[in-house]
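S.K.: The listed protein sequences derive, respectively, from chains S and B. Position 62 of the first sequence, counted from 1, bears residue number 62 in UniProt numbering, the numbering being contiguous throughout. Position 320 of the second sequence, counted from 1, bears residue number 320 in UniProt numbering, the numbering being contiguous throughout.
Where hints are given, some of them may not hold.
To be verified - Using 27 Å as the maximum straight-line C-alpha spacing, the simulated DSS-like pairs for lysine-lysine come out as follows:
#, chain 1, residue 1, chain 2, residue 2
1, B, K268, S, K2
2, S, K459, B, K201
3, S, K2, B, K422
4, S, K201, B, K201
5, B, K7, S, K268
6, S, K147, B, K2
7, B, K2, S, K268
To be verified - According to the in silico footprint, chain S covers these stretches of chain B (three or more CB under 8 Å from chain S):
#, region
8, 98–105
9, 446–460
It is worth saying that the hints were derived from the structure and are not from the lab. Note that CB positions come from ideal geometry on N, CA and C, so glycine has one too.
There are 2 protein chains.
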Amino acid sequence: MKLTTVKEIYKNREQYLDKEVTVGGWVRSVRDSKTFGFIVLHDGTFFETLQVVYHDTMENFAEICKLNVGAAIIVKGTLVATPQAKQPFEIQASEVVVEGTSAPDYPLQKKRHSLEYLRTITHLRSRTNTFQAVFRVRSLCAYAIHKFFQEQGFVYVHTPLITGSDCEGAGEMFQVTTLDMNNVPKDDKGAIDYAQDFFGKETNLTVSGQLNCETFAQAFRNVYTFGPTFRAENSNTTRHAAEFWMIEPECAFADLNDNMDLAEAMLKYVIRYVLENAPEEMNFFNSFVDKGLLDRLNHVVNSEFGHVTYTEAVEILEKNNDKFDYKVFWGCDLQTEHERYLTEEIFKKPVFVTDYPKEIKAFYMKMNEDNKTVAAMDCLVPGIGEIIGGSQREDDLEKLEKRMDELGLKKEDYDFYLDLRKYGTTRHAGFGLGFERCVMYLTGMGNIRDVIPFPRTVKNCDL
Amino acid sequence: MKLTTVKEIYKNREQYLDKEVTVGGWVRSVRDSKTFGFIVLHDGTFFETLQVVYHDTMENFAEICKLNVGAAIIVKGTLVATPQAKQPFEIQASEVVVEGTSAPDYPLQKKRHSLEYLRTITHLRSRTNTFQAVFRVRSLCAYAIHKFFQEQGFVYVHTPLITGSDCEGAGEMFQVTTLDMNNVPKDDKGAIDYAQDFFGKETNLTVSGQLNCETFAQAFRNVYTFGPTFRAENSNTTRHAAEFWMIEPECAFADLNDNMDLAEAMLKYVIRYVLENAPEEMNFFNSFVDKGLLDRLNHVVNSEFGHVTYTEAVEILEKNNDKFDYKVFWGCDLQTEHERYLTEEIFKKPVFVTDYPKEIKAFYMKMNEDNKTVAAMDCLVPGIGEIIGGSQREDDLEKLEKRMDELGLKKEDYDFYLDLRKYGTTRHAGFGLGFERCVMYLTGMGNIRDVIPFPRTVKNCDL
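When you get a sec, could you build the whole thing from the sequences and use the hints?
M.R.: Rendered as structure tokens:
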């Protein structure tokens, strides 16, 4: 259907003023006096609404007056400026056609609903202001990430979701199977007969695309993956989801400094893109969700990120151990409270912490010359803590094999990965950005369930 | 590292000629005479290679001469024009530093390898010309799709991968579980106790994001999802994969014609984008993979797609039944041979077939007034057959419930979906584009295993 969008009207108002337009959308409210009435219309293309004035000269005046919140209508009329009113213009309707009514028990009435309640109606909550803003920003944020990497010639690799290997041994995984659970086939030794499973072996949902990405980086130099990843962790927190999206770039001929430069440039690009392309939504978050949001994001765009080694960071934090639930010491993993203290209190801006003890990081990270720390980096941001984790990768075959031996990893499971070090190995580095954490950071939303269209968490898999 | 890319050199050659540049990449070949030698270097950023000339004045001349295919090097030197030679320029190297050698058993020697062989080394095959071209085009194609929708204000929805519902009852699904397969818990009736599973119920991998997308279309008007989908089908063909990506737009206030216009505009946009942004790769496909490719794609960009109803198509095809393995009759599902005949022999361009018998289409498609056919469309393209399938959706609550009853679908499983028809229903439509099929169409590659970075098919889940 040829409809003018509310976005077009707001963005190019001069072009539409005093002209006839046809718009379609959903009723946010209706109020009428005896001879005329007002409809607040939202068409989904823009955060702001459009006021429609209708009159009893219309045949279906009574029908319109009775419309419930949520009804769909198509309005023809003239756009007129309203310099005295709150809204900049309104439509003087010549025709209001009801596309679809809204039953009286519509769960979204014109009042404020709690986020908890809205989580019980995921199929309708995106019609509210908050979720209009969240999911539009989420979409723009995803696009900005693609745009950033594509403009620099990165190749987007679709790493696989179903995997036969537990990449980094990273925690609990979901099993994927077509075996009959009522009657799991066993082999003659009594073990599960995975030869009968779809892939002929045990398979799981991926926890990271990194190792696959590395194979592509050694072919295309600069690559990224952006896809779903999974954790079967039994943690019912505001920050954990069982299914979430992750961005993982990987660059050949790149070291840890290149990696941090890339992460900083990417974050700034994404923030700028969202601020420019969703000003209405970002103002809404700043007013109603997180008062300091715009200041904080603008500050990030305009600061150079800080840099501190893990060892230095521990020295700083140890002096403040009285403030922490978990006391800091060299060798400990940093908790969110420590990360936030560093970025919020000490640096007052995003900061990279580098060179972590090898014991608390993954086997593939490049060993530093001290043989105690690895070339890892975490990027910490105010309000969140860690948002990005990355590293230079061990590119030396011998050192990598030695580290795998120390950790008891089976080398035959990583043949392909070791091949990359045998055939034209390069210094290379990459990182992972949790997409949902990024959206939370950009919107100020406090619960990961509210930035995922249909969240999957422990005991929760609706729709 | 600050390296000039081969792409930059090719695209802005004037800027680099007679200047010193530093490049990094992998050796495609080395040949030497006594006092100098040539390296063909590929750096992954561009389809073409760069010739490097090195001399025995270098300290490590002997080391360079011995480099194997696949070795990684960093070259410093002067870019000079070579008007007499096949290649437009070369680097006269002042320094060649070996970043990583390549072991003698490197599986990719300088000869043509079969696609079948290359499938056995998915971690290395992207270093070959064919897969450089395929996966760069795949990346550009994905980006073009995002760009197309984002430029028109569509909201990108991440529909869930793990799902508790079998959306369209569409065939075999993969089960997702954290239950112990060795000891599946049973309840007191002897049934599997899914209350103990991660989500507290039986869950599977999604086969389509459409129904979720519809909920967002009724909030944002124009939305799309672009993510992985899964089929546990036991079909070992060149066209089926267990894991593949799908694009599914959904538009409110849109009918079947709007839907076809959108599909046609999208396909043309994507083809144009790839032709413009990967001319070297597309020429390669045209020369070595599929001779008529460029003509065909240019023809598609410049034609208006044809339109024919299913009933008309059947009439046309019935006259040619002697040419088909499966004979055509009204009510039958069209096979690839029929589809290709229509688009290749009859229309000689892409064609939309519309208004299929309701019996062979899904329950949610809008019933036409004849009560026999539904407002469905398939887009057929030469060389492939069906590439897109879509429909207007049934937006009338009563008719939808009636159809679900006829088909024996449980309405309580679709509460959320029926709600969309209760609260502000709109005419709306959408389609699905199989991403891999699109990449095959754009590249002329004949096997889906060769357009997926790490393909998952029956009994095959490597890396």
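S.K.: Now tell me if each hint is right for this structure.
M.R.: Evaluated hints:
{"no.": "1", "hint": "B:K268 x S:K2", "in the structure": "holds, 21 Å"}
{"no.": "2", "hint": "S:K459 x B:K201", "in the structure": "holds, 8 Å"}
{"no.": "3", "hint": "S:K2 x B:K422", "in the structure": "holds, 24 Å"}
{"no.": "4", "hint": "S:K201 x B:K201", "in the structure": "holds, 24 Å"}
{"no.": "5", "hint": "B:K7 x S:K268", "in the structure": "holds, 25 Å"}
{"no.": "6", "hint": "S:K147 x B:K2", "in the structure": "holds, 22 Å"}
{"no.": "7", "hint": "B:K2 x S:K268", "in the structure": "holds, 21 Å"}
{"no.": "8", "hint": "98–105", "in the structure": "holds (count 5)"}
{"no.": "9", "hint": "446–460", "in the structure": "holds (count 7)"}
The structure is consistent with each of the numbered hints, conforming to all of them.
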